[in-house]
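Visitor: The lines below spell out each chain.
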Amino acid sequence: MPASDPIVLETRDRTTEPTPDSEEMTLTFEVKNLSIWYGEKRAIDAVTLDIPSNAVTSIIGPSGCGKSTFLRSLNRMHELVPGTRVEGTVLLLGENLYGPSVDPAIVRRRVGMVFQKSNPFPTMSIGENVTIGLRLNGVRDQKFLNERLEKSLRMAALWDEVKDDLRKPGTSLSGGQQQRLCIARALAVEPEVVLMDEPCSALDPIATAKIEELINELKTKYTIVIVTHNMQQAGRVSDYTAFFYLGRLVEFGPTTKIFTNPSDRQTEDYITGRFG
Amino acid sequence: MHPRRKDQHGWRKFKSAFISLSTFVAAVLVITPLGLVFFHLLVNGASSVSWDFFTQLPKPVGTPGGGMVNAIVGTLQLLALGSLIGIPVGVLGGVYLAEYGSARANSMLRFIADVLNGVPSITWGVVVYGMVVLRFKGFSAYAGGLALGLIMIPLILRTTEEVILLVPNGYREASLALGIARWKTIVHVVMKTASKGIITGILLALARIGGETAPLLFTAFGNRFWNHDLSQPIAALPLQIFTYAISPYDDWHRQAWAGALVLVIGIFCVNVLVRILTRERARSSA
Chain Z
1 MPASDPIVLE
11 TRDRTTEPTP
21 DSEEMTLTFE
31 VKNLSIWYGE
41 KRAIDAVTLD
51 IPSNAVTSII
61 GPSGCGKSTF
71 LRSLNRMHEL
81 VPGTRVEGTV
91 LLLGENLYGP
101 SVDPAIVRRR
111 VGMVFQKSNP
121 FPTMSIGENV
131 TIGLRLNGVR
141 DQKFLNERLE
151 KSLRMAALWD
161 EVKDDLRKPG
171 TSLSGGQQQR
181 LCIARALAVE
191 PEVVLMDEPC
201 SALDPIATAK
211 IEELINELKT
221 KYTIVIVTHN
231 MQQAGRVSDY
241 TAFFYLGRLV
251 EFGPTTKIFT
261 NPSDRQTEDY
271 ITGRFG
Chain W
277 MHPRRKDQHG
287 WRKFKSAFIS
297 LSTFVAAVLV
307 ITPLGLVFFH
317 LLVNGASSVS
327 WDFFTQLPKP
337 VGTPGGGMVN
347 AIVGTLQLLA
357 LGSLIGIPVG
367 VLGGVYLAEY
377 GSARANSMLR
387 FIADVLNGVP
397 SITWGVVVYG
407 MVVLRFKGFS
417 AYAGGLALGL
427 IMIPLILRTT
437 EEVILLVPNG
447 YREASLALGI
457 ARWKTIVHVV
467 MKTASKGIIT
477 GILLALARIG
487 GETAPLLFTA
497 FGNRFWNHDL
507 SQPIAALPLQ
517 IFTYAISPYD
527 DWHRQAWAGA
537 LVLVIGIFCV
547 NVLVRILTRE
557 RARSSA
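Chains as they are written, first to last, in this note's numbering: chain Z, 1 to 276; chain W, 277 to 562.
Rather than coming from a laboratory, the hints here were simulated on the basis of the structure. Treat each hint with caution, since some may be false.
As the list claims (entries may be wrong) - In silico BS3-like links for lysine-lysine, alpha-carbon gap of 30 Å or less:
| # | chain 1 | residue 1 | chain 2 | residue 2 |
| --- | --- | --- | --- | --- |
| 1 | Z | LYS219 | Z | LYS257 |
| 2 | W | LYS468 | Z | LYS168 |
| 3 | W | LYS460 | Z | LYS151 |
| 4 | W | LYS460 | Z | LYS168 |
| 5 | W | LYS460 | Z | LYS117 |
| 6 | Z | LYS143 | W | LYS468 |
| 7 | W | LYS468 | Z | LYS151 |
| 8 | W | LYS460 | Z | LYS163 |
| 9 | Z | LYS163 | W | LYS472 |
| 10 | Z | LYS168 | W | LYS472 |
Pulled out of the complex, with its shape left as it was, chain Z reads as follows:
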């Protein structure tokens, strides 16, 4: 049976964790008692979880355990499926994402997302792909756009590869480059968080390694939440790991602890490959 009480991160416990200089850990998301229904089906069941800032949190679990739904609830993308219902609260830096006057578009501007399948817009050039979020949100200043274009591509470790080809179609790049272009596109609107939904599952090992390296660099400026099917990837890139099973959060804690000394039997079984 799933653990009845999800294990919540004790923020003061983290003496060995990545930001030793700060005593108090800042939290980007505070998820309290979150349940999500698709019609009659409950996809997420009373999840309570705090996601720390400037760190990589990975979400693992077998297919259909609700990890993608949970990820999408952090920028309200799950609402695109008709008939969804949410209970509980998600606080982004203290503000309720599901407050009655909150515009989902504003939430998504603050919480960017990268998808499983790279999806640069086929009608746009590399440059246009990166700046589209700014342009469609009303930015006209060409100088500013050009600066942001270069900055975003540099952060996505793509600038050197494409700086002479900014006018070429985004779809002319290789799969790994396209995924980094999508990361640059998400970064260009300067979000506070980047959500990644299995960003490497369609990529070869070399392209995957580049994305993982990039994730490691990005966490100095962004909070990153990544859903992955690849246990080794979760181990390599993340500081914290949440294990979901059947819509519930089974265990959450520092990645090193989850992978070496999990408290829950189910977590151990999943990580050691006994199911899932």
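The hints should help you fit chain W onto chain Z, whose structure is shown.
Guide: Just chain W now, kept in the frame of chain Z:
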């Protein structure tokens, strides 16, 4: 070898050859009418297609020469008027079907559009005659344009819906995840991605209505002279062809052939344009 087996083998081969031949004959029959139409039009009409045909007004009966410039321009004006109604309503309706409407409302709308697509075009002429021509007491270019526009709506609606549904959902998600509003996502990402398909649908609808005669009989009515007042009857190429073809004068018959040739070439050119557009689309999405 058993003799029966050999028989069966021969019978099978015969059946196979028979089916192949039948489909080949059917394929030839498909192409033949187009060949016949072009051959006939060229033989009868080519000699009358001259510079005058494109620049002169019709001459009075018995006077040789003259052209159909007023009808050519009139047809273009009617197509433009029809487009003013058919393109916005058809495209926006198609976007609604693909992006917004509920499943039930959509299946009803789709059914209605398919029924409308099957309505004989003369019916549209009669409907507009009753609604507009009688009420405003006169044939007019507006009435003709309205009839053509009404025919365009369901055609454009269905093609727009289809090409918009072909846009992968990943693009919508990517755009929405950037905090781009829904309507901007639809206009700048979805419709832009589907733009060639939408334009193709519009061109096919124009090619379809460009040669319509029946809906114009009781609406635009036709005109032997220049008309720059859209509230008055206006000339159209198909109407002029109709009038000239049923007339008793040889000279007018020749003009009718020439008009038909020009009309068919015009529609042929639109179709070639569609082919070029769709070929590029297939290439860029590959």
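Visitor: Which constraints among the numbered hints does this structure fail? Numbers only, ascending.
Guide: Violated: none.
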